[in-house]
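Just so you know, the sequences run in chain order A and B.
For the first sequence, position 319 matches number 319 in full-length UniProt numbering, and the numbering has no gaps at all.
For the second sequence, position 58 matches number 58 in full-length UniProt numbering, and the numbering has no gaps at all.
Calculated from the structure, these hints are not laboratory results.
As the structure is a computational prediction, the values presented were derived from the model and not from experiment.
For each residue, glycine too, the CB sits at the ideal point set by N, CA and C.
Please note: incorrect hints may appear among the correct ones.
Reference listing, derived: stretches of chain A covered by chain B, where coverage requires no fewer than 3 residues with Cβ under 8 Å from a Cβ of chain B [claimed, not checked]: (1) 21-34; (2) 216-230; (3) 233-247; (4) 256-270; (5) 323-329.
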Amino acid sequence: MGEMEELRKEADNLKDQITEARKVVQDTTLQEAVAGTTLVGRVQLKTRKTLRGHLAKIYAMHWGTDTKLCVSASQDGKLIVWDTLTTNKVNAIPLKSSWVMTCAYAPSGNMVACGGLDNMCSIYNLKGKDGNVKVMRELAAHTGYLSCCRFLSDSEIITSSGDCTCILWDIETGTEKTIFAGHLGDCMSLAVSPDFKMFISGACDFTAKLWDIREATCRQTFSGHESDINAIGFFPNGNAVITGSDDATCKLYDLRADQELITYQDSGIMCGVTSLAPSLSGRLLLAGYDDFNVNIWDMLKAERVGVLAGHDNRVSCIGVSSDGMACCTGSWDSFLKIWN
Amino acid sequence: MSSTMPSSNNIAQARRTVQQLMIEASIERIKVSKASADLMHYCGEHAKYDPLLMGIPASENPFKDKKPCAIL
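Please work from the sequences and hints to get the whole structure.
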């Protein structure tokens, strides 16, 4: 037997082993476990603010940790930092490349980052001495579009790319610290664990991968989706992962049981999930879809308990503020809305 | 003409795949019953602090516009 054939056999055996090991711990299902839990009552959120100012499709938004500021990115070539309480624009940052696909707010509030079809992640210092917001670093190494970025701190950021890899960067030196390779399709989204030790990525190979940031390894791979994973997030305690896909479903995977616990789907929903965010307690899952709506799911019972209808085009991004007080949606209709 | 000899690249890739699968196969797994119970417990413990779940009284909602009072 040639070495290639042997390796293929070994890989198949290991895959079977993993499938078996997952079955062994499947002594029940989440569905059965929550049979006695009451469904959450109907959730009706109202639009409290509409943030107007972008002139083209909004592709991304991210809340700052201070809970009142957020940053949004639009293909009108601007990053806008908003005071969501007053709807004032704190900063309007013109971008070199208007083909932006992602943006992020540093936990410190000192920086924002963005990137897209320029294959780069640009870091902007919001607290420059003369009050002007300038590009601080341009992180270039990806050979595909930048789909997502998230700061670990003012000195480190993680990016995901259409080149199928994720990279941990040293912002000071502008260089790659670690390259996380393994996905077989474009990486579309990433999320950092609450303890900052791990991150998860969702890709066009229909899988989600859990990565150990310091060990630089992939710990687990989750399958089950039947199309590209566009959105990914952690359950608030860091023990589970939620994914949203073009297959019109969201899934909850438990990290310690190493398997899918439940799927959020409805025969009436036939369009892709673009974005998702859990509420503060994790009980609610808010997910944005291609059909212009946000569906609110009872995360334990996997039933829809609300809808946010207010945008006139695809909801491209969604986020819940860190104190859980508000949800922000961004859309191709060029508006952001604050709901609670 | 297609080569029947795999390139060293393909073998290296196949070796990496096997290495990765060995890492993933070797992790410790907890029972789904425990995983579910822990998720339910977390939701239960934190529900009362979840504004979107519990609703926010108008007086405590910083996003709600205060309507001016008209004295008739």
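>> Need the list of violated hint numbers for this structure, in ascending order.
In response: none
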